[in-house]
Amino acid sequence: MRRRLGRIFGVLLIVVMLFSLTACSKSNDVSNGEDKEKKVIKLFHRFPDEPFNSFIEKIVAEYEADHPDIDIVVSSAQNQPYKEKIKVVVGSKDCPDVFFSWSGEFSERFLREGLIMDLTESFNNDQEWKNSLLESQVNEYRSGDILYGIPFRLDAKMMFYNIDIFKENNLEIPKTWDKFIEVCEALEAKDITPISYGNQDQWPSSHYIGSLNQMLVDNDTRLKDLEPATGEFTDPNYLKALEYYQQLIPYFNDSVNGLPHDMARNNFAQEKAAMFFAELVEITYLAEENPDLNYGMFSFPLIEGEGDPTLLTGSPEGFVVSANTKYPEESIEFLKYFTGPEVGKKEVQEVGWFNAGIGIVEGLEDQKLLEAYEVIKSAKTMSGWFDASLYSTIANEYLTSISDLTNGDITPEEVMEKIQKVAEEARNTSSTEVE
Amino acid sequence: MMKRKKLVPYYYIIPGLFMVLFFVYIPVICNFIYSFFHLSSYSSTKVFAGFDNYIKLFTNDTFPIMMKNNIMYAVISLIVQVGFGTVIALLLESKLTGRLRNVYRNIYFLPALISLTAVGLLFTFIYSPDVGLLNSALRAMGLENLTQSWLGNSKTAIYCIIAMSQWQFTGYITLLMVVAIQNIPRDYLEAAAIDGAGPFRRAVNIMIPLVKEQLLVCSIITIIGAFKLFTEVYSTTSGGPGNSSQVLGVYLYQNAFLHDKMGLAAATGVLIFIITVTISIIQIVVTKSGKV
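So the sequences go chain by chain: A and B. Using the working numbering, you'd call the opening residue of the first sequence number 1 and step up by one each time. Using the working numbering, you'd call the opening residue of the second sequence number 1001 and step up by one each time.
Bear in mind the hints are in silico, worked out from the structure with no lab data behind them. Just so it is clear, CB atoms sit at the ideal spot from N, CA and C, and this is done for glycine as well. Each hint should be verified, as a subset may be incorrect.
Okay, derived cross-link-like pairs now, SDA-like style, lysine to any residue, Cα gap no bigger than 25 Å in a straight line [stated by the list, open to error]:
| id | chain 1 | residue 1 | chain 2 | residue 2 |
| --- | --- | --- | --- | --- |
| 1 | A | 240 | A | 181 |
| 2 | B | 1155 | A | 412 |
| 3 | A | 87 | B | 1030 |
| 4 | A | 39 | A | 324 |
| 5 | B | 1155 | A | 408 |
| 6 | A | 224 | B | 1259 |
| 7 | A | 167 | A | 289 |
| 8 | B | 1046 | B | 1029 |
| 9 | A | 272 | B | 1143 |
| 10 | A | 421 | B | 1058 |
| 11 | B | 1228 | B | 1175 |
| 12 | A | 93 | B | 1037 |
| 13 | A | 42 | A | 76 |
| 14 | A | 377 | A | 341 |
| 15 | A | 272 | B | 1137 |
| 16 | A | 83 | B | 1259 |
Derived contacts from chain A toward chain B, CB cut-off under 7 Å, selection only [said to hold, decoys possible]:
| id | residue |
| --- | --- |
| 17 | 84 |
| 18 | 257 |
| 19 | 258 |
| 20 | 393 |
| 21 | 403 |
| 22 | 409 |
Which chain A residues stay away from chain B? Per the calculated CB distances, all over 10 Å, these [stated by the list, open to error]:
| id | residue |
| --- | --- |
| 23 | 48 |
| 24 | 75 |
| 25 | 78 |
| 26 | 239 |
| 27 | 302 |
| 28 | 306 |
| 29 | 377 |
| 30 | 378 |
| 31 | 381 |
Kindly generate the complete structure, drawing on both the sequences and the hints.
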């Protein structure tokens, strides 16, 4: 009996081992086996939510139908896990051929390592491609003269406001900071939460600080400080920006740090607050959360400072091509289609996002989206997302310190001291260290 | 024949040895080596850093916060999970529970079966400032002034996470202790009863000394768990607000995958390794000498 049990156990063990072996090799079979003649292009994106995921699947299926020799394998991950996964695969042999990447420092570190393709030449030699896209937006994917990506969804930050609440209280859109504070004060007096704000994930604060810095800090100084090798953050205007931010704290809802951004958006959608600093891509979400919400948007209130108030806070998000792809031409061809005006038209109609294609809003009736598109189109220069433009350790220090500042645990002076310290470390290490 | 028999056992060890070698020992050694370099996950170049990563780790402003949080987690877990868990186990094994003994045991054990991430999400909702269960309950009881932004306040965040773990794992320790108590020979307890010892006396003077070993093992598991803490923090606050709920595990992860500082992450890993190995060695030494 015992012997038999042992034998059964042995067989079981072998079965399990064989099974796990086949499981390991399975992924290779898919790409090498049945589609041997087809060229496989791997696409990796960060929009697994609906309707965006289905939209991408549909667009890819249409492309495959038109290009029988191409097989596009799509995979996706959520925002935060995406950042981690892409960093692990980008240096390996399994790097996807076409993948999502934020413009600025996030992509540029891959560019420095030679991991993503320089698209400059292909782009410049293709007049049709060049003329089909908004130049101001494409430029966001340039490092110096090198073009390394193409925008897939354009985005900027605007102050959204509830038109009904503003009308009921006889309030006007505030153009300047002082007027903005007056509006907040008036709302507060009526027991209405002026600004809905959730900073549990810490990045939302960087959009406030980013916009304030743009208004207050001299543009050359600001750009110099974004470079890890030269960043100092000693300009007194950075401190001023934090003090302006502090002025807003009484007008936010309670427990800002305990509330995720999407819940804050929901509060705005449910008319629990009068204003919300939001991204244009959130229009789709707002329509879903409360289709009847009567809201508009205005630019971040103007502050007299040394900065450049014409800068628009935000940055497009797009796709890049791996430098190690087996099919460079095919990948570029797909990228051109995927981020081009033809897809752009469908994109705005079906999911409410814009890409950089020219003429994509033709026939669009949604006034909110048209208004949003006009904002982006008329912007000469984008400033980039503050947290994404910063060297990662400085970004981290900014985010954690601002979260403490929001709770009232530290002063603006202490925040700047910490940031200057980390910036100094970044200056010292960025020359000797692999970033 | 004799010779063959002597070799045979080693064949059986080979697969296991292979696995342990490749998945445990070699990575540990690699990690140790990496901690002396500056490197990132996607770059092929490594730069030798000496003790730079260790200096950075120990002089960091968040280092004392992390150590404090990890130690607080260990201390509170010891008191609640091991202390309180043992009391529950004794109660479960007493006559008080009667026929529902199994039901109670399962109720206590159930939370330990839920995935850590799911528990993290669940408690994010419980602690949510506006619609959360905890604040709603406080308001319903008329304790409006006790409501808090639980995870958004630097003073309460880490304790909320610790509380969540106590809810989840006390039942696990309870179950381990129940097993140990069931292994106590009935004769001892009967003899004590005949001598006139009441239930409380029997628990303190007979049961607890006899499950001493198991108590120690549970304590060690709990302490080691406290230093490996990751998912609970990562799925609720990610170390925020500020750095107030930062712990070693999350710090390691963020440096490795967000800040491209694999070397610093490896150094943090070495520190966690040294702490847990030291505790394990203490356990081995103490259990050897602690024979009843």
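Hint by hint, here is what the structure shows:
1. A:240 - A:181: Distance ~16 Å between residue 240 of chain A and residue 181 of chain A Cα, so the pair holds.
2. B:1155 - A:412: OK: residue 1155 of chain B and residue 412 of chain A at ~20 Å, within 25 Å.
3. A:87 - B:1030: The hint holds at about 20 Å.
4. A:39 - A:324: Roughly 15 Å between the alpha carbons, so the hint for residue 39 of chain A and residue 324 of chain A holds.
5. B:1155 - A:408: 12 Å, holds
6. A:224 - B:1259: 21 Å, holds
7. A:167 - A:289: Within the cut-off at roughly 22 Å; holds.
8. B:1046 - B:1029: Holds - the C-alpha atoms of residue 1029 of chain B and residue 1046 of chain B are around 17 Å apart, at most 25 Å.
9. A:272 - B:1143: The given pair, whose Cα atoms are some 23 Å apart, holds under the 25 Å limit.
10. A:421 - B:1058: Answer holds: residue 421 of chain A to residue 1058 of chain B is near 16 Å, not above 25 Å.
11. B:1228 - B:1175: 22 Å, holds
12. A:93 - B:1037: Holds - the C-alpha atoms of residue 1037 of chain B and residue 93 of chain A are around 23 Å apart, at most 25 Å.
13. A:42 - A:76: Between residue 42 of chain A and residue 76 of chain A the Cα gap is close to 11 Å, so the pair holds against 25 Å.
14. A:377 - A:341: 14 Å, holds
15. A:272 - B:1137: Holds, at roughly 21 Å.
16. A:83 - B:1259: 11 Å, holds
17. 84: 4 Å, holds
18. 257: 3 Å, holds
19. 258: 2 Å, holds
20. 393: Given a least distance of 5 Å, the restraint on residue 393 of chain A holds.
21. 403: 4 Å, holds
22. 409: Holds. Min distance 6 Å.
23. 48: 16 Å, holds
24. 75: 18 Å, holds
25. 78: Residue 78 of chain A is indeed farther than 10 Å from all Cβ atoms of chain B, at 13 Å.
26. 239: 18 Å, holds
27. 302: 30 Å, holds
28. 306: 29 Å, holds
29. 377: 33 Å, holds
30. 378: 35 Å, holds
31. 381: 28 Å, holds
In summary, the structure agrees with every hint in the numbered list given earlier.
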